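Student: One-letter residues, chain by chain:
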Amino acid sequence: MEGKPVIDRAQKTVRPGETRARRSLYLQYMVEPFFYLSPAILLIGAVIMIPLIIGISYSFQSIELLKPFASGWIGFENYVDLWSDRKFWIAMENTLFWTFWSITFQFLLGLGLAMLLNTQFFGKKLFQALVFLPWAVPTFLSALTWAWLFNPVIGPLPHWLAALGILSEPYNILGDPELAMWGPITANIWFGVPFFAITLLAALQSIPGELYEAAEVDGATPWQTFTKITLPFLAPMIAITVMLRTIWIANFADLIFVMTGGGPANSTQILSTYIFTTAFRKLDFGYASTIAVALLVILLIYAVILLWLRKKLVKI
Amino acid sequence: MSAVKNPNPALIVGKYAALAFYLIFALFPLYWLLKIGLTPDALIYSEGTRLFPSEITFSNFTTVIFQTDFVAYFRNSLVVSLGAAFFTTLFAAGAGYAFSRFVFAGKRIIIALMLVTQMFPLLMIIAPIYKIVAELGLLNSLTSLIVVYTAFNIPFATFLMQSFFDGIPKDLEDAAMMDGCSRFQALCKVVFPLTLPGLGATLGFVFTAAWSELLFALMLISKNDAMTFPVGLLTFVSKFSVDWGQMMAAGVLALIPSCLFFIFIQRYLVQGLTSGAVKG
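Protein chains in written order, with UniProt numbering: chain A, 1 to 316; chain B, 1 to 280.
There could be a bad hint or two in this list.
Restraint ranges, calculated between C-beta atoms of paired labels, are given here [stated by the list, open to error]:
| hint | chain 1 | residue 1 | chain 2 | residue 2 | range |
| --- | --- | --- | --- | --- | --- |
| 1 | B | ASN224 | A | PRO264 | 28 to 38 Å |
| 2 | A | LEU164 | B | LEU34 | 20 to 30 Å |
| 3 | B | ARG50 | A | VAL80 | 52 to 62 Å |
| 4 | B | GLN67 | A | SER206 | 47 to 57 Å |
| 5 | A | GLU210 | B | PRO53 | 45 to 55 Å |
| 6 | B | LYS223 | A | THR119 | 15 to 25 Å |
| 7 | B | LYS223 | A | GLY209 | 36 to 46 Å |
| 8 | A | GLY219 | B | PRO53 | 36 to 46 Å |
| 9 | A | GLY165 | B | ASN8 | 46 to 56 Å |
| 10 | A | LEU309 | B | GLN67 | 52 to 62 Å |
| 11 | A | TRP89 | B | GLY106 | 55 to 65 Å |
| 12 | A | GLY75 | B | PHE21 | 52 to 62 Å |
| 13 | B | PRO53 | A | GLY165 | 24 to 34 Å |
Keep in mind that the hints were calculated from the coordinates and are not lab data. On a predicted model such as this, the values are computed, not experimentally measured, just so you know. The beta-carbon is built from N, C-alpha and C at its ideal position, and this holds for glycine as well.
Between the sequences and the hints, there should be enough to build the whole structure, so can you do that?
Tutor: Right, dumping it as structure tokens:
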């Protein structure tokens with residue numbers, strides 16, 4: 001590097017109060033960030049935000065690709081239909097069932113795995129890589145794999161369940177309206193445990209070790225250490241992860257769509273699969289968007305309640 | 001707890017039992033996929049539910065590779081996933097860098113908007129996207145998938161990149177800029193080499209996400225020669241629903257790239273999430 005221009009440059013930016021410097025400051029704070037940001041913003045705007053607004057407007061229109069001449073604005077007609085749509089209410093109930101049991105098992109098993117990974121044992125690195133593997137499996141493939149495992153012709157699960165006395169005979173539970181939902185839920189647990197384990201492990205590792213030493217000196221039992229130290233420290237992380245994951249799982253349609261397609265008799269139809277099948281099979285974009293808006297409103301209400309609860313709990 | 005000094009033997013047995021449970025739970029389905037893929041067709045019905053096949057064969061794999069369109073699906077998926085991973089990482093690195101290093105007007109709003117995109121059901125925009133893509137004449141093109149996946153993955157990738165940039169001391173660029181580099185040069189020459197693990201993790205994350213996306217691909221692609229792997233496999237499953245061995249062989253093949261990527265980036269991803277989580 002040559003010496004002189006560098007010094008010039010340094011003086012230019014360093015000297016305060018001068019127009020040059022001020023302009024470069026202005027550039028630095030108003031324009032330069034957008035040089036780095038603009039591709040991301042433009043893409044998100046064009047591919048997510050604008051379609052989102054268009055999508056909301058679709059819910060007030062009749063847009064069926066199979067009936068191109070019947071399209072137009074119809075006000076709240078879609079919403080009136082939705083209110084009296086029995087399938088919608090079934091899907092709502094199923095969404096609650098699916099989300100609740102998926103998140104409960106994912107969380108409990110994820111917490112167990114994180115606590116195991118927080119201890120020392122032989123072959124831990126390999127173990128960690130292997131138990132996190134389900135997370136890398138493409139979701140459509142997890143769905144197919146579990147659908148096959150539940151198939152009595154080539155899968156062992158029905159035979160095992162029958163041997164344990166849970167099923168009267170080895171049949172495919174994905175075809176049984178009473179039990180079908182447990183198929184995708186199992187696949188979802190399998191797929192989601194690593195995520196919880198990773199985030200909770202990170203939180204566990206941030207708990208200061210001295211606390212455990214102090215507890216040990218004071219003669220605390222493992223159960224006491226767990227409830228008095230580990231859980232309180234994990235609580236904020238648990239709250240955030242569970243909230244975000246709940247929303248994500250409620251939206252997650254791939255597993256159910258591939259495993260059961262919402263059947264038999266809509267017993268596994270959740271709101272997001274209902275949106276997809278309405279758009280994809282019936283090509284009824286107006287009604288699909290209406291269900292989507294309803295799902296969005298439900299998720300918003302959920303988030304607001306949760307934030308409110310959190311505020312209240314933090315105060316105490 | 002690691003701090004327990006005189007461990008109870010029952011606790012130790014319990015711990016190893018738990019380890020074994022997690023390992024079997026995680027690996028058994030994948031083992032089964034491989035097992036049926038390796039079982040000769042003639043034996044599938046007689047010993048489909050046995051734990052070990054009495055004979056193994058690779059004929060299912062060779063049939064899938066040489067006699068079906070799977071190589072084409074594989075190539076399409078590779079193009080889409082690599083394209084999406086490359087552009088996402090590039091744009092997310094820029095955005096993450098801006099979030100990490102600048103204070104500017106509108107920063108909070110942009111971050112909030114990015115968070116919102118993570119919250120609402122993306123399926124909500126499947127209908128508008130379909131119409132827009134159709135009007136642009138881009139149905140059945142891989143380009144449309146690359147653009148859509150890139151946009152979907154930018155928000156998360158941006159936050160990931162930001163946490164990596166936050167871990168790099170600002171002094172390094174300041175020093176480089178003192179020595180006459182522009183900020184952009186400093187970014188390319190000093191900061192990027194240091195964030196290679198972060199870039200790798202982001203690439204891998206987006207690659208796996210794009211590799212496994214099904215619903216948008218199903219909507220936007222209907223021609224056989226533009227199908228990605230998930231769409232192809234699903235079509236295959238509904239068409240030849242009794243060819244178990246071949247379907248599972250195809251499944252195993254679909255698993256390979258994402259597992260390779262995962263093993264490669266696993267360490268960095270845990271590291272990245274850990275440092276991000278600890279800081280947050």
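Student: Please go over all the hints and tell whether each is borne out by the structure.
Tutor: Right, here's what the structure says about each hint:
1. A hinted range of 28 to 38 Å holds for the C-beta pair ASN224 (chain B) and PRO264 (chain A), which are about 30 Å apart.
2. In this structure the hint that LEU164 (chain A) and LEU34 (chain B) lie 20 to 30 Å apart at CB holds, the actual value being about 25 Å.
3. Take ARG50 (chain B) and VAL80 (chain A): their Cβ atoms lie about 56 Å apart, and the range 52 to 62 Å holds.
4. Restraint check, GLN67 (chain B) to SER206 (chain A): a C-beta distance of roughly 53 Å satisfies the suggested window 47 to 57 Å.
5. The hinted range of 45 to 55 Å is satisfied by GLU210 (chain A) and PRO53 (chain B), whose Cβ atoms lie roughly 54 Å apart.
6. Hint check: LYS223 (chain B) to THR119 (chain A), Cβ distance near 53 Å, so the stated range 15 to 25 Å is violated.
7. LYS223 (chain B) and GLY209 (chain A) have their C-beta atoms about 59 Å apart, which leaves the hinted 36 to 46 Å range violated.
8. Range check, GLY219 (chain A) to PRO53 (chain B): about 55 Å between beta-carbon atoms, so the 36 to 46 Å window is missed.
9. Between GLY165 (chain A) and ASN8 (chain B) the Cβ separation comes to about 33 Å, which falls outside the hinted range of 46 to 56 Å.
10. Taking 52 to 62 Å as the suggested C-beta distance range, the pair LEU309 (chain A) and GLN67 (chain B) conforms, at roughly 58 Å.
11. Between TRP89 (chain A) and GLY106 (chain B), the C-beta spacing of about 41 Å breaks the proposed range 55 to 65 Å.
12. GLY75 (chain A) and PHE21 (chain B) have their C-beta atoms about 55 Å apart, which keeps the hinted 52 to 62 Å range intact.
13. One distance hint, 24 to 34 Å for the beta-carbon pair PRO53 (chain B) and GLY165 (chain A), holds here, with the actual separation near 28 Å.
Of the numbered hints stated above, those contradicted by the structure are hints 6, 7, 8, 9 and 11, listed in ascending order.
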